[in-house]
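K.L.:
Go by the hints and put chain B onto chain A.
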Amino acid sequence: MVNKNMKKILSGIPASPGKAEGIAKTVFNPEEAINEITENDILVTPMTDPNFVVAMIKAKGIITDFGGMLCHAALVARELGKPCIVGTKNATKVIQNGQKILMDGTKGEIYIFEEENYDFR
Amino acid sequence: MTLGEKLGIIENIKRLKQKGGHLCDFVKFGVIKTNGSSDEIHEWLDSFIKPLDEEMLERYYHDPQLFFDFGRKNMEIVKDECEALIKYGSTIFDESFSQEERDTAFLMVLHLTFTITDTFYQHDRLLEVFSPELSPLGKIYEDIREIVDKIAKLKGYSKEWQTDKISLLLSMPHHLSFQFRLLSETHKLLEKYPSLKDALERNEREKALSLIEKNSKLYDEIRAIANKYYLDIPSLIEAFLSSKITLGDLENIKKNREKDAKKVESLFHEFKPLLDIKDYKKLKESYEKIKFFKDLQEFTAFKLASPIASKALETIISVKDYLKMHLPRLIKEEHQVEINLLLQQYESALPFGVFYFFPKLRQIIYLMLKQGYLKDEIKKGYDEELKLWRREIG
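Going down the list, the protein sequences come from chains A and B.
Residue numbers for the first sequence follow my numbering, beginning at 30 and rising by one.
Residue numbers for the second sequence follow my numbering, beginning at -3 and rising by one.
Chain A extracted, bound-state conformation (with noise of 0.2 Å):
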């Protein structure tokens, strides 16, 4: 549930429904990806293939930099039943690796908590 503490920081295409809190983990490549996305996570990345699809299915959320409602990566997190936000065009720039963030894929937006006084670029 977003609350006051919570911070809008980006907004993108709403692309597969649903809002998932988690630790964003910001990754470029589907080795980094594999190795790194664990079930609390919320992948945060330029775009997916199909080799990112086994940390799509651990991931509790997926977010793109780029990308349209029938992109890769919005195709898959439906089939996972996943929400996920496409076309941000920087969420791995704005979104810092390992903070604490709140997604809903209905509405396309991200949030941050904002107790935790993040240094945003």
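Hints in this document: simulated from the structure, not taken from any laboratory.
Even glycine gets a Cβ: it sits at the ideal position worked out from N, Cα and C.
A couple of the hints might just be wrong.
Some chain A residues flagged as far from chain B (calculated, every beta-carbon gap over 10 Å) [what the hints assert, rightly or not]:
id, residue
1, A44
2, G51
3, N58
4, V123
5, Y140
No farther apart than 25 Å at their CA atoms in a straight line, the calculated lysine-lysine pairs in the DSS-like style are these [as the list claims (entries may be wrong)]:
id, chain 1, residue 1, chain 2, residue 2
6, B, K255, A, K89
7, B, K258, B, K188
8, A, K87, B, K155
9, B, K151, A, K136
10, B, K383, B, K10
11, B, K10, A, K48
12, B, K316, B, K287
13, A, K136, B, K258
P.N.:
This is chain B only, laid out in the frame that chain A set:
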């Protein structure tokens, strides 16, 4: 003899000609606006794509299978272009070739890089663009949106309800993903052949391929699956090995999809009495049409993740070292500072993946090959090579 003839590339050119491939001419058509990317990326990724004319737009809209075939053919062309690029790339750092030949190879890799991305974007951009005036997908999306909008107005449903239902329809739960269908069939087949299953579980590609070769029944069965998904047997094995998705994962995915399929069915059930026959039929047809775009999107992603595409990408990345090493010899003096700066930007974007470094690379290629940044004496072999290509494929 040109470098291409020496490397046996003439065969690649002939194959490309048969498939309708062509070398890019660096003609700009304007930027396709979408929400997905920044302007600079649009400028250098897809402003060279010729938009679909009205006739093709209508044909693909009415028969999306044709659009799927068009995209699949483009990916076959991309594969052949990648092969030619890798052949040229193999000579760039090979000192047994003359400096002139290595310059030619370097410039051909650049030209092919631009060509390959344009060929790919010919269909890929249209998979992302939802504007009805530009893409068949846009027209289909608009049909769905209009009908769902009618229902929302009639019943007083919210905008959120509308978005949710459109998203559900676009997800096509009756049509399981290309990758999951392929893996599911392969897993089922492996249950019948434990030695092959064992080899694949141990990541033994060569052994798996030799087992398939030796057993004609297995060969026929696995070839049938590969054919169905427009792959050859080694690519199917590669797709299987790189996916690492278990049968258990696939079962869970299927269950998820079945739940959503039921939601779509009840949606159609709810809509039927509220719509006239024409609209109801259109909605059902549009829903079915989406599956071709869904399959093409995944098929394209598969082909791009294939070993040959990865090898071509490695070659493309490695040419920057050649440019760096020879920049003063290749580039006109007045443009060296600018190219050097772009090269630095390109290098700093490399760790972030293709979407970040390709625009910069395309900008460099455009300036060198189209805008005359190259020294005149460097282009000799390249011009000859282009003549050879153009004579064959135009």
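K.L.:
Please flag the earlier hints that this structure goes against, numbers listed from lowest up.
P.N.:
Checked against the structure, the hints that fail are numbers 1, 3, 7, 8, 11 and 12, while the rest are satisfied.
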